[in-house]
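Trainee: The residues making up each chain are set out below.
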Amino acid sequence: MRVSLTINGERHEADCWEGESLLFALREKLGFPGSKNACEQGECGSCSVLYDGTLVCACLVLAAQADGHEVTTVEGLAEGEELHPVQQAFVDAGAVQCGFCTPGLVVATADLLRRSPDPSDDEIREALSGNLCRCTGYAKIFDAVRAAARS
Amino acid sequence: MDVLTPTTLVEALRLKAEHPDAWAIQGGTDLMVALNFDRARPERVLNLNEVRELRGFTRQNGSLRLASGLTYAEIEHGELRDELPALAEASRTVGSPQIRNRGTIGGNLGTASPAGDAIPPLAVERAEVECASVRGTRRVPVTDFITGVKRNALEQDELITAVWLSPSRAPQTFMKIGPRNAMVIAVVSLAVAADDELRACFGSAAPRPVLVTAPRDEASSFPERVAEAAAPIDDVRGSERYRRHALRVLTERALKRVLA
Ligand SMILES: Cc1cc2nc3c(=O)[nH]c(=O)nc-3n(C[C@H](O)[C@H](O)[C@H](O)COP(=O)(O)OP(=O)(O)OC[C@H]3O[C@@H](n4cnc5c(N)ncnc54)[C@H](O)[C@@H]3O)c2cc1C
Ligand code: FES
Ligand code: FES
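Read top to bottom, the protein sequences are chains A and B.
Residue numbers 0 to 150, in numbering that gives the first Met the number 0, belong to the letters of the first sequence in order.
Residue numbers 0 to 259, in numbering that gives the first Met the number 0, belong to the letters of the second sequence in order.
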């Protein structure tokens with residue numbers, strides 16, 4: 000089926016199999032491999048995108064459901080060559096090791112800071128509770144979130 | 000596979016009547032996992048996301064009508080928080096922000112898992128599930144709607160359209176045991192409310208929810224009564240004995256909160 004949606008402000012169309020997820024469509028059909036595919040069951044958050052402005056797991060949205068909707072992926076955060084403040088903070092804080100979790104965490108952090116520009120540690124913990132990282136132990140990720148909030 | 004996307008309730012019910020085998024999808028947080036892992040290959044999926052009548056909530060003569068597409072995030076952050084405190088507490092424990100932004104109460108009832116976190120708080124408020132088809136609508140108490148593990152009382156041509164309740168305004172609370180504060184399938188959960196009577200309902204401790212009630216002055220025997228009403232099993236998340244014990248302890252703690 001033909002699915003037509005807005006990704007990072009631009010209209011896109013793809014032929015999708017009816018049972019495939021938005022994540023699969025983004026990565027394999029639409030040329031947006033930034034959102035990562037790990038668990039496909041909503042547990043890891045590496046596929047996090049903004050869907051009509053709310054944070055969701057793209058692996059749990061049926062591509063067909065996204066027809067006519069708006070998606071912001073990690074690719075849509077930077078302004079040209081200039082990194083989004085959250086991306087820059089992740090780089091500066093050393094919050095990236097293998098980097099697999101990073102796109103999801105960056106999108107989730109951007110979403111948090113938009114809603115709550117100066118979050119408490121509890122708020123950060125809560126907002127990122129759906130994103131798993133196997134490498135960093137989270138301390139540097141917290142540093143990055145706090146730094147992004149300051150910038 | 001075919002995806003049908005109605006934009007009105009009338010159209011949705013007509014499609015469900017024409018294709019009784021179609022699986023409804025709302026937030027997809029249960030159904031997509033089944034699709035991604037090839038555990039389900041429905042011929043047809045009925046996407047209810049574009050049906051405006053299935054979103055949000057409305058009031059009618061002191062009753063609340065929570066549409067089936069109401070999300071945990073909407074319950075947790077909106078004005079329902081004050082009217083349905085136990086349901087709001089339960090909503091806050093569901094999955095993660097990503098899951099709460101998509102997951103719905105209709106989907107929780109559709110899945111009918113014994114661990115469904117919306118179910119105990121709805122049961123202690125004596126909520127009723129509105130089931131609709133082209134033949135008409137009917138209301139079924141939540142505790143009768145769930146008929147067993149992953150089974151509910153829906154007819155083939157019916158959809159869950161709403162949950163009805165009259166907020167009791169009783170002091171009430173929800174508790175859930177699990178290894179972490181997020182992303183936890185309850186080992187056991189419990190909702191308790193107290194006005195003239197004590198009401199409790201548990202999750203992950205029986206194949207279907209049971210509403211346990213007692214007069215208010217029988218608070219001291221209530222924890223035992225709740226534990227006895229459960230029919231827990233041994234599984235990877237906990238043992239039968241642990242679950243019954245936990246229910247006793249949780250009920251005591253919940254009573255301290257709601258009778259304070
Ligand atoms: C990572 C993760 C964590 C989770 N954590 C929790 C948790 O802590 N607590 C908890 O209770 N659940 C949890 N869940 C399960 C799930 O999020 C909930 O059960 C949620 O309420 C499902 O709602 P949905 O709208 O996403 O359902 P969907 O997946 O859209 O549908 C679920 C089922 O209900 C049926 N259905 C949906 N709408 C209707 C309707 N209107 N009429 C008839 N049938 C319908 C569908 O056909 C399907 O069988 C979790 C899931 C994930 C992936
Ligand atoms: S791939 Fe979507 S949450 Fe893990
Ligand atoms: S940096 Fe490797 S998973 Fe987070």
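Bear in mind the hints are in silico, worked out from the structure with no lab data behind them.
Worth double-checking, as some hints may not be accurate.
[As the list claims (entries may be wrong)] Just a few of them, taken from the derived set where beta-carbon distance is under 7 Å, the chain B residues facing chain A:
#1 Thr6
#2 Leu34
#3 Asn46
#4 His76
#5 Leu79
#6 Thr92
[Said to hold, decoys possible] Okay, derived cross-link-like pairs now, SDA-like style, lysine to any residue, Cα gap no bigger than 20 Å in a straight line:
#7 Lys149/B with Val235/B
#8 Lys255/B with Val183/B
#9 Lys149/B with Val209/B
#10 Lys28/A with Ser220/B
#11 Lys255/B with Ser220/B
#12 Lys149/B with Gln40/A
[As the list claims (entries may be wrong)] Partial chain B-side listing against chain A, Cβ under 10 Å, derived:
#13 Pro96
#14 Arg125
#15 Arg179
Every residue gets a Cβ at the ideal spot worked out from N, C-alpha and C, and that includes glycine.
Trainee: A separate judgement is required for each hint: does it hold in the structure or not?
Mentor: Structure-based check of each hint:
1. Thr6: violated (10 Å)
2. Leu34: holds (5 Å)
3. Asn46: holds (5 Å)
4. His76: violated (10 Å)
5. Leu79: violated (18 Å)
6. Thr92: This interface hint is violated because 11 Å lies over the 7 Å limit.
7. Lys149/B with Val235/B: Measuring from Cα to Cα gives roughly 18 Å; hence the hint holds.
8. Lys255/B with Val183/B: violated (25 Å)
9. Lys149/B with Val209/B: holds (15 Å)
10. Lys28/A with Ser220/B: Violated. Lysine 28/A to serine 220/B sits at ~61 Å, over the 20 Å cutoff.
11. Lys255/B with Ser220/B: holds (13 Å)
12. Lys149/B with Gln40/A: Holds. Lysine 149/B to glutamine 40/A sits at ~19 Å (cutoff 20 Å).
13. Pro96: OK, holds: proline 96/B within 10 Å of chain A, min 6 Å.
14. Arg125: violated (31 Å)
15. Arg179: Hint holds; arginine 179/B Cβ to chain A Cβ min 8 Å, cut 10 Å.
Of the numbered hints stated above, those contradicted by the structure are hints 1, 4, 5, 6, 8, 10, 14, listed in ascending order.
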